[in-house]
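According to the working numbering, the sequence shown is numbered sequentially starting from 136.
No lab work stands behind these hints, which were simulated from the structure alone.
Heads up, the beta-carbon is just placed ideally off N, CA and C, and yes, glycines get one too.
Please note that a few of the clues may not be correct.
Simulated DEER-style distance windows between Cβ atoms [claimed, not checked]:
| no. | residue 1 | residue 2 | range |
| --- | --- | --- | --- |
| 1 | Gln157 | His229 | 31 to 39 Å |
| 2 | Ser252 | Thr223 | 31 to 39 Å |
| 3 | Gly153 | Thr223 | 30 to 38 Å |
| 4 | Arg172 | Lys270 | 28 to 36 Å |
| 5 | Glu175 | Lys270 | 38 to 46 Å |
| 6 | Val150 | Gly230 | 28 to 36 Å |
| 7 | Gln269 | Glu174 | 30 to 38 Å |
| 8 | Ala236 | Ser159 | 28 to 36 Å |
| 9 | Gln269 | Ile208 | 27 to 35 Å |
| 10 | Gln161 | Leu204 | 32 to 40 Å |
| 11 | Met264 | Ile208 | 20 to 28 Å |
| 12 | Gln269 | Asp145 | 37 to 45 Å |
| 13 | His229 | Ala173 | 15 to 23 Å |
| 14 | Asp193 | Asp145 | 28 to 36 Å |
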Amino acid sequence: TMERAAGGNDAHLDVLLGRAMQPSEQTIAKAMAKLFRAEEGSWVALGVGILVWLADLDGIQYFRFIRELDGAILLNEELHENFEQGYTTTSTSHGTHKFHAMEFGQFIAGVCFADVSEAEKFAQKVPIMSPKPQKAAPAKQPKRAGVFNIF
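All chains should be built: construct the whole structure from the sequences, respecting the hints.
If you want it as structure tokens, here you go:
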């Protein structure tokens with residue numbers, strides 16, 4: 136269960152992370168959670184594991200989900216510009232866990248966090264640290280030719 140995993144073997148979780156990440160990738164946040172996928176109006180559980188928010192050397196950010204049972208990578212999605220606009224947080228119906236839903240290119244994923252404080256870290260960091268649109272460089276004014284073009 137997720138509760139067992141959350142209080143479980145940290146060494147095992149570190150091994151899973153080590154196998155699923157490149158040495159050049161930096162962890163922004165990580166948490167034990169249960170991954171879901173939205174399908175036909177309901178949430179389908181995909182597994183319990185570690186949600187890792189990471190960035191590569193080029194600054195490209197990803198959410199990666201590593202299943203605890205076998206180390207399989209169930210989610211490896213790049214965060215797009217304005218990712219926070221499709222990211223919502225709520226509590227479960229019993230109010231015991233935090234549930235975050237997020238839009239990716241082809242589907243919607245949901246994550247139920249084992250630890251409320253870890254969920255809050257994600258919720259606080261997403262609006263601040265997720266990719267933003269790049270501002271366009273100011274357009275250069277063309278040089279004017281003519282008698283009065285002194286500057």
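Tested hints:
no.	hint	verdict
1	Gln157 to His229: 31 to 39 Å	holds, 38 Å
2	Ser252 to Thr223: 31 to 39 Å	violated, 19 Å
3	Gly153 to Thr223: 30 to 38 Å	holds, 31 Å
4	Arg172 to Lys270: 28 to 36 Å	holds, 34 Å
5	Glu175 to Lys270: 38 to 46 Å	holds, 40 Å
6	Val150 to Gly230: 28 to 36 Å	holds, 33 Å
7	Gln269 to Glu174: 30 to 38 Å	holds, 34 Å
8	Ala236 to Ser159: 28 to 36 Å	holds, 30 Å
9	Gln269 to Ile208: 27 to 35 Å	holds, 28 Å
10	Gln161 to Leu204: 32 to 40 Å	violated, 26 Å
11	Met264 to Ile208: 20 to 28 Å	holds, 22 Å
12	Gln269 to Asp145: 37 to 45 Å	holds, 38 Å
13	His229 to Ala173: 15 to 23 Å	holds, 20 Å
14	Asp193 to Asp145: 28 to 36 Å	holds, 30 Å
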